[in-house]
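Fit chain B to the supplied structure of chain A, relying on the hints for placement.
Going down the list, the protein sequences come from chains A and B.
Read left to right, the first sequence gives residues 1 to 110 (our numbering).
Read left to right, the second sequence gives residues 111 to 220 (our numbering).
Note that these hints are calculated values from the structure, not bench results.
Check before you lean on any hint, since a few could be wrong.
No more than 30 Å apart at the CA atoms, straight line, and that leaves these computed lysine-lysine pairs for BS3-like [what the hints assert, rightly or not]: (1) B:167 - A:3; (2) A:57 - B:167; (3) A:68 - B:124; (4) B:124 - A:3; (5) A:57 - B:124; (6) B:180 - A:57; (7) B:193 - A:3.
Away from chain B, derived, C-beta distances all over 12 Å, residues of chain A [said to hold, decoys possible]: (8) 12; (9) 13; (10) 48; (11) 55; (12) 57; (13) 64; (14) 66; (15) 81; (16) 83; (17) 84; (18) 99; (19) 110.
Positions of the beta carbon are idealized from the N, C-alpha and C atoms, including for glycine.
What follows is the residue order along each chain.
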Amino acid sequence: EDKVVQSPLSLVVHEGDTVTLNCSYEVTNFRSLLWYKQEKKAPTFLFMLTSSGIEKKSGRLSSILDKKELFSILNITATQTGDSAVYLCALLSGTYKYIFGTGTRLKVLA
Amino acid sequence: DGGITQSPKYLFRKEGQNVTLSCEQNLNHDAMYWYRQDPGQGLRLIYYSQIVNDFQKGDIAEGYSVSREKKESFPLTVTSAQKNPTAFYLCASSPGVEQFFGPGTRLTVL
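For reference, chain A alone in the conformation it holds in the complex:
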């Protein structure tokens, strides 16, 4: 059975800290791994990863995929209170089916 596991489930840090969020998976017919940020309602897209070892960066956020060990990490450096959100990892299996993890709830304290 396909599954996506995220850890930790929740995390509380102080502004300026660096955090690493994990996503491990067991998925047949892997196509892509996606990271989303969900603040209140609609998740917003962060990254899409398809190849191992290639880091994607956007400002203070970065992500990398390891297809051999079946995991991805999302790093956030110099965290700000605006980074507080649920971070979702999703696997695209086959052409159209997405499998989501339970998410990591990040709270950044001022």
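Frame of chain A; chain B shown alone:
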């Protein structure tokens, strides 16, 4: 303005009633999806549609029904057969890999 709209934002239903949640997109995407999100959980796939007049069951389709008569529209009916319908419902569309989400509908069964 291009995007995905969902209505209503909040919906209250008495037990035993069917309700229909609306999802409309003007992004010209072929694929559309319905997810359910419960507190502290990730997104679980209810139904998805790759093309007009075609749709497939997701992981938790029991008690739900959909239609896809137009490319822009993918309404979800929550039937009385759904035992625990109180949840946050998210609709998404996709041109290929990245998904774009609507703002969601929060359904509460009284």
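- Query: Can we trust that residue 110 (chain A) is non-interface, i.e. its beta-carbon lies farther than 12 Å from all of chain B?
  - Reply: 24 Å, holds
- Does the claim that residue 83 (chain A) lies outside the interface with chain B hold up, using a Cβ gap greater than 12 Å? Consistent with the label, residue 83 (chain A) stays out of reach of chain B, its closest Cβ about 19 Å off (over 12 Å).
- Task: Classify the label on residue 13 (chain A) as holds or violated, using whether its beta-carbon is more than 12 Å from each beta-carbon of chain B.
- Result: 19 Å, holds
- Please settle this one: residue 64 (chain A) was flagged as non-interface, so is its CB more than 12 Å from every CB on chain B? 18 Å, holds
- Taking only the CA atoms, is the gap from residue 167 (chain B) to residue 3 (chain A) under or equal to 30 Å? 17 Å, holds
- Message: A cut-off of 12 Å on Cβ-Cβ distance, and residue 66 (chain A) was said to be off the interface with chain B. Does that hold?
- Response: At roughly 20 Å from the nearest Cβ of chain B, residue 66 (chain A) sits farther out than 12 Å, so the non-interface label holds.
- Any Cβ of chain B at or closer than 12 Å to residue 84 (chain A), or is the non-interface label fine? 16 Å, holds
- Item | 12 Å cut-off, C-beta based - residue 12 (chain A) kept clear of every residue in chain B | Holds, because the least Cβ-Cβ distance between residue 12 (chain A) and chain B comes to about 15 Å, which exceeds 12 Å.
- Query: Does residue 180 (chain B) pair with residue 57 (chain A) here, judged by a C-alpha cut-off of 30 Å?
  - Reply: Outside the cut-off at roughly 37 Å; violated.
- Query: Against chain B, does residue 99 (chain A) keep a CB gap of more than 12 Å to every residue?
  - Reply: Answer for residue 99 (chain A): violated, closest chain B Cβ roughly 8 Å.
- residue 81 (chain A) non-interfacial with respect to chain B [C-beta, more than 12 Å]: Answer for residue 81 (chain A): holds, closest chain B Cβ roughly 22 Å.
- Item | Proposed proximity, residue 167 (chain B) with residue 57 (chain A) (alpha carbon, max 30 Å) | Not satisfied, since the Cα-Cα distance of roughly 35 Å exceeds 30 Å.
Violated hints, listed in ascending order, are 2, 3, 4, 5, 6, 10, 18; each of the other numbered hints is respected by the structure.
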